[in-house]
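Protein sequences, first through last, are from chains A and B. At position 71 of the first sequence the residue is numbered 71 (our numbering), and the sequence of numbers has no breaks. At position 32 of the second sequence the residue is numbered 32 (our numbering), and the sequence of numbers has no breaks.
Quick caveat, the hints were computed from the structure, so don't treat them as lab data. Since this is a predicted model, take the numbers as computed values, not measurements. You may find that some hints are simply not true.
The calculated DSSO-like cross-link candidates involving lysine-lysine, where the alpha carbons are at most 27 angstroms apart (straight line), are [unchecked claim]:
id: 1; chain 1: A; residue 1: 146; chain 2: A; residue 2: 201
id: 2; chain 1: A; residue 1: 146; chain 2: A; residue 2: 200
id: 3; chain 1: A; residue 1: 146; chain 2: B; residue 2: 52
id: 4; chain 1: A; residue 1: 146; chain 2: B; residue 2: 285
Sample of chain A residues at the chain B side, in silico, Cβ under 8 angstroms [claimed, not checked]:
id: 5; residue: 8
id: 6; residue: 11
id: 7; residue: 19
id: 8; residue: 102
id: 9; residue: 181
The beta-carbon is built from N, C-alpha and C at its ideal position, and this holds for glycine as well.
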Amino acid sequence: MILDTFSILAISSAVLAILMLGTMYLRANLNFYALHTLAIAMETAWMAQKIHDEHLYWVAFFIALLKVVIIPRYLAWVIRNIDVESDSGSFIPAPVAMLTGIGMLGASYLLSVQLSSLWGDIDSRIGAMAAMSVFFTGVLLMLSRKIAIGQIIGFLVLENGIYLFALTQTHGMPLIIEMGLLLEVLVVVMIFGLVVFRIKKSFEHIDVSRLTNLRE
Amino acid sequence: MAIFEWISFVAVVFILPPLVLGVLCKTKARLQNRIGASIFQPYFDLYKLFSKGETVSEVTSWIFRNAAAINFAVVIVVALLVPWLTFKPAFVGADLILVIYMFALTRFFTVLAALDAGSAFSGFGASREVTMAMLVEPAVIFCFASLACVARTSDLSVIFSCDNFSLSHNNALWLMAGLGLFLSSLVELSRMPVDDPTTHLELTMVHEAMILENSGPNLALVLFTHYLKMCILWGIAAQCFLRSISYFWTVGPLIQGALSLGALFCMGVIVAIIEGTLVKLRWTKLPQFIAFAVAMGLFCVLIAVMRG
Chain A
1 MILDTFSILA ISSAVLAILM LGTMYLRANL NFYALHTLAI AMETAWMAQK IHDEHLYWVA
61 FFIALLKVVI IPRYLAWVIR NIDVESDSGS FIPAPVAMLT GIGMLGASYL LSVQLSSLWG
121 DIDSRIGAMA AMSVFFTGVL LMLSRKIAIG QIIGFLVLEN GIYLFALTQT HGMPLIIEMG
181 LLLEVLVVVM IFGLVVFRIK KSFEHIDVSR LTNLRE
Chain B
1 MAIFEWISFV AVVFILPPLV LGVLCKTKAR LQNRIGASIF QPYFDLYKLF SKGETVSEVT
61 SWIFRNAAAI NFAVVIVVAL LVPWLTFKPA FVGADLILVI YMFALTRFFT VLAALDAGSA
121 FSGFGASREV TMAMLVEPAV IFCFASLACV ARTSDLSVIF SCDNFSLSHN NALWLMAGLG
181 LFLSSLVELS RMPVDDPTTH LELTMVHEAM ILENSGPNLA LVLFTHYLKM CILWGIAAQC
241 FLRSISYFWT VGPLIQGALS LGALFCMGVI VAIIEGTLVK LRWTKLPQFI AFAVAMGLFC
301 VLIAVMRG
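Could you put the whole structure together from the sequences, leaning on the hints where they help?
Have a look at this one:
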């Protein structure tokens with residue numbers, strides 16, 4: 001398989017997302033998330049260069065600024081303040097989750113081969129495969145993690161998957177929509193962070209599996 | 001030309017391994033703000049051990065005395081078979097399954113010698129070594145097998161030969177195979193995230209615990225075998241990394257040889273940086289680390305399958 005830069009960036013973002021499943025340390029997760037998003041930002045910039053679209057450069061820049069720098073920093077700050085280092089236990093053990101994620105990558109390859117509208121264009125097929133795999137990885141992260149921070153990271157990965165799918169299939173949406181999405185993600189993460197603080201304050205833990213118990 | 005190849009290869013096999021370890025230790029010392037021993041220190045250590053007397057426990061059998069020699073012989077043969085340097089003399093029959101099982105054979109004899117000595121700590125070490133080997137073996141097999149699948153042969157010297165163009169544009173496959181082999185080599189050699197090679201706490205050691213009973217020339221032989229194994233495993237990972245760079249395929253054999261020697265030292269420096277910055281993992285966290293090596297192997301398999 002001869003890969004050009006476009007496919008290598010798409011696949012490396014999928015691989016980095018899968019590696020995120022393998023570790024329970026939240027700091028390592030955030031670092032992997034930053035790298036994974038950096039690959040997506042570079043993919044956007046590459047796309048801008050390929051189709052000579054200037055506004056995609058701006059989108060790439062804002063993704064790099066917001067999702068590679070600000071959001072991981074903010075979440076690291078939240079982690080420091082609520083004093084958790086790692087997920088104490090997950091619903092699926094981390095190695096099993098990672099191997100499932102790889103299985104999902106294979107499944108998304110099979111899916112992308114099945115999609116008839118993608119035939120002939122190898123770039124959009126590999127892009128669709130990577131995007132679906134990132135999406136599945138996000139779902140797996142949200143399903144397997146017990147503490148709330150892990151679920152926030154899972155949501156962010158899922159959102160990246162949707163963005164990557166849109167980017168590789170439509171070659172970039174209008175600037176105003178991208179900006180709106182980015183702003184929304186930022187606001188959502190801020191609110192998530194505050195909610196985690198509230199949960200920590202009222203329950204003294206952030207284990208979502210124990211949130212179903214009623215409290216006097 | 002052939003005789004020159006053999007001479008240079010034998011020189012490399014006997015001179016290089018302690019030097020790589022010396023570079024590793026020096027880098028590690030500099031990272032920890034120490035001056036550190038000279039990079040030739042491992043030679044002096046080996047010389048010192050060779051000139052010392054040997055103490056053998058009365059309860060041991062012939063296995064304990066001969067295990068080091070058997071391992072040394074097996075690793076020398078593996079060094080001939082595995083293409084861990086580009087200027088290796090040609091040697092037929094380097095099947096990948098054979099190589100994997102020869103590594104398993106050295107592990108078998110190390111474990112047997114450790115159990116033979118009868119010390120409780122060697123028993124700990126042996127049990128840990130076997131557990132880790134069982135976990136890490138799939139990663140190595142996946143990496144080699146996916147390369148073999150793309151090259152349509154299981155002969156390692158053909159897979160790694162520089163004029164095999166069925167693999168020359170598979171940068172992603174080479175990169176993933178290199179990462180998988182590198183991570184599993186850290187486990188097989190009991191380096192830092194798995195085991196601290198400089199520790200002196202018997203309860204946490206893996207490889208060092210198994211050779212606690214060896215002394216004198218026997219220990220020197222065990223150590224040299226370990227260094228050579230280290231060079232082979234890092235060398236093969238370095239070959240994978242080099243082949244993921246398109247430039248490597250276009251240069252002549254002389255530059256390729258120089259690059260592969262340089263890459264071997266680079267691996268030493270990288271491991272030193274890893275050991276300087278990471279902490280040793282708890283034993284129960286180890287499967288999570290090994291899962292990353294297996295994941296790299298599975299990525300290799302996916303790439304090989306998608307291509308076919």
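Here's how the hints hold up against the structure:
{"no.": "1", "hint": "A:146 <-> A:201", "in the structure": "18 angstroms, holds"}
{"no.": "2", "hint": "A:146 <-> A:200", "in the structure": "14 angstroms, holds"}
{"no.": "3", "hint": "A:146 <-> B:52", "in the structure": "57 angstroms, violated"}
{"no.": "4", "hint": "A:146 <-> B:285", "in the structure": "18 angstroms, holds"}
{"no.": "5", "hint": "8", "in the structure": "7 angstroms, holds"}
{"no.": "6", "hint": "11", "in the structure": "7 angstroms, holds"}
{"no.": "7", "hint": "19", "in the structure": "7 angstroms, holds"}
{"no.": "8", "hint": "102", "in the structure": "5 angstroms, holds"}
{"no.": "9", "hint": "181", "in the structure": "30 angstroms, violated"}
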